[in-house]
Amino acid sequence: MDEKIITKENLKAMCSELLKNNVDVISPLENGYLKLKSGDELTLDSKAKHTKASFKEYVFPKTEPIIFYKKSQSDVELLDVKMEDKQTVIFGAKPCDVRSIGILRKVFNWDYKDEFFNVRTNNTITIGMMCQFCDDFCFCTSVGLSPVSSEGSDIFLIPLDENNFALRVITPKGEEFIKPFGKYLMDGIKGKSEAAEKNVKFPEKVFDSEKVKEWITNNFENEYWNTIGKMCLGCAQCAFVCPVCHCFDIVDEDYNYTEGRRMKNWDGCQFDMFTLHASGHNPRDIQSKRYRQRISHKFKYYPDKFNEILCTGCGRCSRGCPVSMDIKEIVTGIGELANKV
Amino acid sequence: MKIGVFICHCGENIGRTVDCVRVAKACSFFPNVVHSVEYKYMCSDPGQNMIKQAIKDLKLDGVVVGSCSPHMHEKTFRKAVSDAGVNPFLCEIANLREHVSWVHDDKEVATDKAIDLMRFAVEKVKRNAPLKTIQVPVTKRTLVIGGGIAGIQAALDVANAGYEVVLVEKEPSIGGHMSQLSETFPTLDCSQCILTPRMVEVYQHPKIKLMTYSEVEKVEGFIGNFKVTIRKKARFVDDTLCSGCGDCAIKCPIKKKALSEFDEKLAFRSAIYVPFPQAVPNIPVIDKEVCTYFKNGKCSMCVKVCGRNAIKFDQQDEFISEDIGAIIVATGYKLYTIDKKPEASEIKGYGEYGYGKYKDVVDGLQFERIASASGPTSGEFQRPSDGKTPKKIVFIQCVGSRDESKGFSYCSKICCMYTAKHAMLYKHKVHDGEAYVFYMDIRAGGKMYEEFVRRAIEEDGVKYIRGRVSRIYEEDGKYIVKGEDTLAGVPIQIDADMVVLATAMVAQTDAPKLAQTIGMPYDNYGFYSEVHPKLRPVESSTGGVFLAGACNSPRDIPDSVAMASAAAAKALVLFGSDMLEREPTIAFVNENLCAGCFYCKKVCAYNAIEVKQIKDKNGNVIKEVAFVNSGLCQGCGTCNATCPSKAIELIGYTDEQIYAEIAALM
Amino acid sequence: MDDIKKIARELFTSGKVNAVLGYVSINGQRTKPFLATKPEETDNFIINKYILNNLTVYLTKKEILKYGKIGIFAKGCDVKAIVALLQESQIKREEVYIVGINCNGVCADFDMEFSGETIALKCLNCEVRTPKLYDELIGTTEEMPKADDGKLKMIRKIEALSSAEKWDIFEEQFDKCIKCYACRQACPLCYCERCISDKSVPRWIESSASKRGNFSWNIIRAFHLAGRCIGCNECERACPMEIPLSLLNRKMAMVAQEEFKYVSGLDPNTPTLIGSYDLKDDEDFIE
Amino acid sequence: MENKTFEPKIIAFVCNWCTYTGADLAGTSRMKYEPNVRLIKLPCTGRIDPVMILKAFEKGADGVLVSGCHPGDCHYNAGNFHARRRWIMFHKLLDFVGIDENRLHFSWVSASEGKKFVDVINGFVNKVKAKGPFEKYEKINKEFVING
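Heads up: the protein sequence lines correspond to chains A, G, Z and H, in order.
According to this note's numbering, the residues represented by the first sequence are 1 to 341, in order.
According to this note's numbering, the residues represented by the second sequence are 1 to 666, in order.
According to this note's numbering, the residues represented by the third sequence are 1 to 287, in order.
According to this note's numbering, the residues represented by the fourth sequence are 1 to 148, in order.
Keep in mind the hints are simulated off the structure, nothing from the lab.
Honestly, I wouldn't trust all of these hints.
Stretch-level coverage of chain Z by chain G, calculated; a stretch enters the list once three of its residues show a Cβ under 8 angstroms from a Cβ in chain G [claimed, not checked]:
#, region
1, 116-124
2, 189-195
3, 273-281
Listed below are several chain Z residues computed to face chain H (Cβ distance under 10 angstroms; list not exhaustive) [what the hints assert, rightly or not]:
#, residue
4, E127
5, T130
6, E136
7, S163
8, E287
Listed next, with one range per pair, are the computed distances between beta-carbon atoms [unchecked claim]:
#, chain 1, residue 1, chain 2, residue 2, range
9, Z, D168, A, T275, 50 to 60 angstroms
10, Z, V201, A, Q73, 15 to 25 angstroms
11, A, F133, Z, D282, 27 to 37 angstroms
12, G, E220, Z, L65, 31 to 41 angstroms
13, G, M440, Z, D282, 51 to 61 angstroms
14, H, E138, Z, Q257, 26 to 36 angstroms
As the structure is a computational prediction, the values presented were derived from the model and not from experiment.
Here a beta-carbon is modelled for each residue, glycine too, at the ideal position from N, C-alpha and C.
Okay, chain A solo, but in the shape it has when bound (with noise of 0.2 angstroms):
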């Protein structure tokens, strides 16, 4: 399918009749990525600050159960949950945050295949749409992304102008969806979307990933990490806020005396009780070993096992850090530590 253009009204209109069809419709909002009530709530500002959390919450939930249980007196008697079927649209979201689904599919397909996370993604129709913020903690250029990035997306919106959007189908599945949408697109004009893309600001490139990679492999031991790894105070904000960060940890829950629940909870690295061991004996047991890890993870086990680097360069980790770490600065200064080698 040719590129089209939609009108942001038109786009509304769609919204709002998702929303009559009982699709759930994900758009980031001043609050963040919220369920739309109304299409009248999309705003699709394409220079718009990136939301304080990604939308990994609706394809990976900060808690679902996974099972529930009935116990008796000598035996427990497991029941299924049974997921929704439903469709999500996310709509408008940035590509740092639309790439994400793509590297997440990996790791929840690698041995296990987790249903609950591809029930839902295979429910769910991503919108990307070109970016047009880039502040100092964007960084999306130096793993692999673009602002203009359409990778991930199923349908991707390029704003041409106040209330104009080129709208590029990228794959099948987002060609089978727009297709009863028809009525709200105009054909497009050639070339106007491509110099729309030029004249995103790139955020610079600012490490390479390679080099980042093989410097880590060479520097588990290094004074760096505890320069940097120190200041971390342990929350996970920067873990849950992350759009790939998929740490998670099962815990049961009774409900009643007889009853309960197993859930599935978003866990962070840099939590002292990550690698606890039951023995009392912590292998990562000061921050400095935890940040390390958490780097390591992004920029070195999950390119090695997956070949991808587990950022998107969003920089929501730093703009959310409580005491302002930087993950684009601190990743910057390994390869400048690179650099020297």
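With the hints as your guide, set chains G, Z and H onto chain A.
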């Protein structure tokens, strides 16, 4: 875990309102319950044998009995379980009688509740740990605080049983209030005549270490193992040199500055003085407040006259530490000060009776001094104002007692008797005198007491008027007592020469302070609390601390003496064994989790939390954590609740156990 | 500004400390906490309207403690936390060298011009602009912009609501919680070795960011800080979900003051509110 | 819905020495009272941690009763004084976040106050009955409860 459940019918007591069969059946479905039965009388021998047999046959390692209150039979069942080889603390009781069958009517509902309570207990027992009672050694020495008749009696009883006693008295002499009394009811024998031999016996007893003019400063430790610090106040007289000749007091130029405490401020004493001639020990003290030497250094008459150089102006308070196993508190009482300035704001006082304003309005103890042969008037009845013999005395009872609006709601118990005695003594000496007693009720319970009061009325002609006095004022050298005769229903007015107020017996002013030093409870009035008013009347709830006499509540001499002997017996019971067994339900610290905030230490009423340093292998202190002194901990668990991370837990009532009970609600 | 660097350097050269906690500038409107372990590392130290962090939080962290005696730049509110830590035996006075900062208010957040609009709410009605405890004092107090105490108004508004309405407000707010524990980690007084929310035997607070897990966590967090919170508001600033945590903390501080005349963090020798008692404590709510 | 009267579930945290014994006395005196309350015995009110109260609500209690020795009567001298301080803070906190004051009741019941125990129980049960089930808490409890 294999749990056995045993439901008791308690004859019909439980069975009548709780369907025990249904309860047992329901319990059999609880996780981990492998055996669930009911029986007519679980506490009977056959009942207990059922439990023992089931433990053996089914290899049970947890038992829950649904029966009467654990306060009744917890010990019984724990012993049965223990006899069968299972740790007694793996037995829990669910209270199906006092808390269910006796208080509910609907059988369905009661049975449901019983099942719930059983579930709580089953969940708890699953998380019980096998515990061992704690053994602590006993120091077989007794501290008696207070050298009045109760303290004297307790000290003598313990010492005569062969154990050492430290007797601490804050005044310069032992004897207490009893030494101030003239005669005692109902026999009218001379108080000092019967008391003095006891005082001397104390002084001479090889097992009694007497420390007068001393106060308990600090009490550390716990039952059987107290460490007590005693402040020996400076007497400024070396008690090892003083011979008690009394020359110093005679020569002391201060004659009219200090009022005698012993004579209830009806007479003067010198700056260096022994409180009364029979004082034990007969060693003077110097009153620093009035002594000229301490004021300006200009006098040292006593030094000059003392043949033994016993006067030591530079003497300092000494602190003496004693190892003690049992403490008997016998600090006594004082009389309610009915002055215009009440001591506590909630007590309004009795300003309308003119005490403090009119010299001839006196309280009971002052009247004792006036009546006493050793008193300021040598036993002659003279009024304090002008020394004239009073021809008409009005006695007013219940001044401060039984009076919620102005004084205290309790009855001071002794006033009815001593007022009768006062009136009687007066009538015996002033034959033409008139004695009136205003009373609310006559409470003369006690051997020969009622007869005594009757004697006062019938033989000695004391006039009893049932009613209260509203006001006393002076008019032409007489005290106009305005009151009401409620039996006759008429207002009444008496022109008295003297008025005696039977003021309430109250706790010593510093009673709460001592209670806090020892760490024992006291009531709203400042009287020390016993564990149980009926069954454990002489024990404080603090282990190893016993109560004697009026420090517990108003008491007369025979009661105080009886209580003192009882307290002594309790101390001797404690000394009956070398080791002390204590409940193992005490707090325990998980040192890994303890962050050392010491909130536990702050809330511990027993100073049971100590600071422990955790060191690394090089001996450097890594952190400081809480440590529980198992001897001191009484197991209240306040630390446990206060600890934010639950690093300190109360064994037997751990968070896990309580959580399990809560979680068993639904 | 040179002053700061000089002072910080001197702490090292005079041998008073082994490391100094201070703020370094990121850009004109941002700073971050920094631990200087050598004199030359203090060169970027700065004091401005953007020194938002309460550096006291680091005084109980193992990796910081190992340096031994620490110098710390502390605003009055930060010093309140030091006082609380002293009350709770977490630090020894002689182990900390306090450079007190006479404070004229800080910004509510980074990247904004300082004004009456953007001043941090905690700075309004601040009674410790000159710290209560310090080894040396820098700066001077000057006129501070005035602003409306919006949080207090909100507390009063909530107090007037019905139980059901209050519940709805907090249910919505707590529901946002993602259990990242940034509030806890940023709190200078949350120094437990193991937070009760991380304990599983028993699981008093469910670790799930479910509604009930979130409710328990936020209530107990507030309760464990009741009478202790010194109002630095770092929890609220750290919260990525913008839960108004200070509503609870401030409400508790108000109760402490109303009921016990207790203000936390003023005097290291005052007995703590929880941990002491008065015979005359309020009884009216007890039957 | 059946037209059944609402029978609240109430958990009571009581101290061993006063209120539990007071309840025993009510039993020995054969006084009758509402059967809705389940007692959990603790050594002292000082042992009662507010998380227990919260947990009781979480586990489905419609009301929570806390009771122990009168001030000055504490078997452990001061446990109830410390407890009282905690309660002051905690009940104001719960009130602020919307847990109705009528669902959390505090009382002093001594070992000799069997009658008062009965009155406290009956009074509280009736108060909670008037309030009805704790629907708000039930709602957050029921999130993620077994579906289907």
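Okay, which hints does this one fail, numbers in order? Checked against the structure, the hints that fail are numbers 1, 4, 5, 6, 9, 11, 13, while the rest are satisfied.
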